[in-house]
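The sequence shown maps to residues 296 to 569 in the numbering used here.
Think of the hints as simulated: they come from the structure by calculation, not from any bench.
Watch out, some of these pointers could steer you wrong.
[Said to hold, decoys possible] The calculated DSS-like cross-link candidates involving lysine-lysine, where the alpha carbons are at most 27 Å apart (straight line), are:
{"hint": "1", "residue 1": "K523", "residue 2": "K344"}
{"hint": "2", "residue 1": "K494", "residue 2": "K461"}
{"hint": "3", "residue 1": "K350", "residue 2": "K458"}
{"hint": "4", "residue 1": "K384", "residue 2": "K344"}
{"hint": "5", "residue 1": "K384", "residue 2": "K350"}
{"hint": "6", "residue 1": "K494", "residue 2": "K344"}
{"hint": "7", "residue 1": "K384", "residue 2": "K494"}
{"hint": "8", "residue 1": "K502", "residue 2": "K384"}
{"hint": "9", "residue 1": "K344", "residue 2": "K412"}
{"hint": "10", "residue 1": "K502", "residue 2": "K344"}
{"hint": "11", "residue 1": "K494", "residue 2": "K350"}
{"hint": "12", "residue 1": "K523", "residue 2": "K494"}
{"hint": "13", "residue 1": "K419", "residue 2": "K384"}
{"hint": "14", "residue 1": "K461", "residue 2": "K350"}
{"hint": "15", "residue 1": "K350", "residue 2": "K464"}
{"hint": "16", "residue 1": "K423", "residue 2": "K384"}
{"hint": "17", "residue 1": "K431", "residue 2": "K350"}
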Amino acid sequence: MSARKHKLSKKGKARLAGYTILGLAVLGVAFLVFLGTKGVQFLLDDSDKRLEYQKFIEPVVMLDPVPFDSPDQANPDFLLQSAVWAVLKNEDTSRYATDQTGAVLLPAADVDLYGAKLYGSDIKLEHKSFGDDTMKFQYDTATQCYRLPATGLMGYYTPLVSKMEKRGKIIRLTVGYVAAGSSWTGDADGNIYQPEVDKTMIYTLSKTSDGNYVIHSIAEAAEDEAVKNEQKKGSSSASSSAPAAGEGTTPAPGTENSPQEDTTSGEAAAPAAA
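Please put together the full structure from these sequences, using the hints given.
Below is the structure:
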């Protein structure tokens with residue numbers, strides 16, 4: 296092989312190597328762009344997190360509390376009742392002991408635990424009986440347990456968290472209040488309609504030293520923040536991500552508790568006090 300041909304061969308190999316490296320670089324950039332797009336989509340899709348907070352505030356929303364700037368300014372009876380319902384919506388009541396009549400005995404210690412999960416460890420609940428003749432939560436100071444009534448309660452509202460904003464250690468939730476018993480509906484064309492929102496409230500959650508979030512305040516939303524009723528096309532996609540309005544009623548004590556099951560029929564009973 297002549298020197299000229301050898302030189303051309305070396306140039307050809309170098310050119311081929313250059314093209315190969317350039318092609319790999321282009322593929323690498325395209326792959327990074329793809330990952331970046333998917334990553335942004337993942338970050339923007341907060342539906343699962345919104346549903347998580349929706350379940351978290353459900354025992355509070357169901358009682359339709361008066362707005363407050365901090366839990367220590369809230370009605371003590373409301374704090375107690377929401378903590379009790381938080382237990383019933385998150386725990387299997389069949390694991391609790393029963394009395395001679397078969398009534399479930401809910402330990403006050405569990406109520407305190409869920410009170411702290413909702414409002415922080417600084418809140419001290421005032422344990423006492425509450426309710427009326429139709430649904431009475433009787434507190435026994437000797438056993439430090441609540442004797443649960445045999446009837447369930449749906450409450451006033453269920454939450455529909457439409458927006459979540461995180462600012463440092465604060466999370467701001469825009470919450471639509473949906474009348475208990477309402478549900479997502481559809482038509483023959485596959486259009487899905489969210490339940491009617493009666494009013495919109497702003498829930499502010501603050502991060503605690505252990506990394507969890509607790510309810511810091513509840514306020515009325517401004518007019519331009521009101522949750523609007525939206526139509527969603529496609530029953531399969533809407534039903535998979537739709538917040539479950541009307542869910543979360545509590546079965547009769549002594550049965551397995553599931554916040555997703557509605558075992559209460561008829562009209563919603565009014566909470567004992569809010």
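Against the structure, the hints come out as follows:
no.	hint	in the structure
1	K523 x K344	20 Å, holds
2	K494 x K461	22 Å, holds
3	K350 x K458	14 Å, holds
4	K384 x K344	18 Å, holds
5	K384 x K350	9 Å, holds
6	K494 x K344	22 Å, holds
7	K384 x K494	23 Å, holds
8	K502 x K384	23 Å, holds
9	K344 x K412	17 Å, holds
10	K502 x K344	15 Å, holds
11	K494 x K350	18 Å, holds
12	K523 x K494	10 Å, holds
13	K419 x K384	21 Å, holds
14	K461 x K350	18 Å, holds
15	K350 x K464	20 Å, holds
16	K423 x K384	20 Å, holds
17	K431 x K350	25 Å, holds
Of the numbered hints stated above, none is contradicted by the structure.
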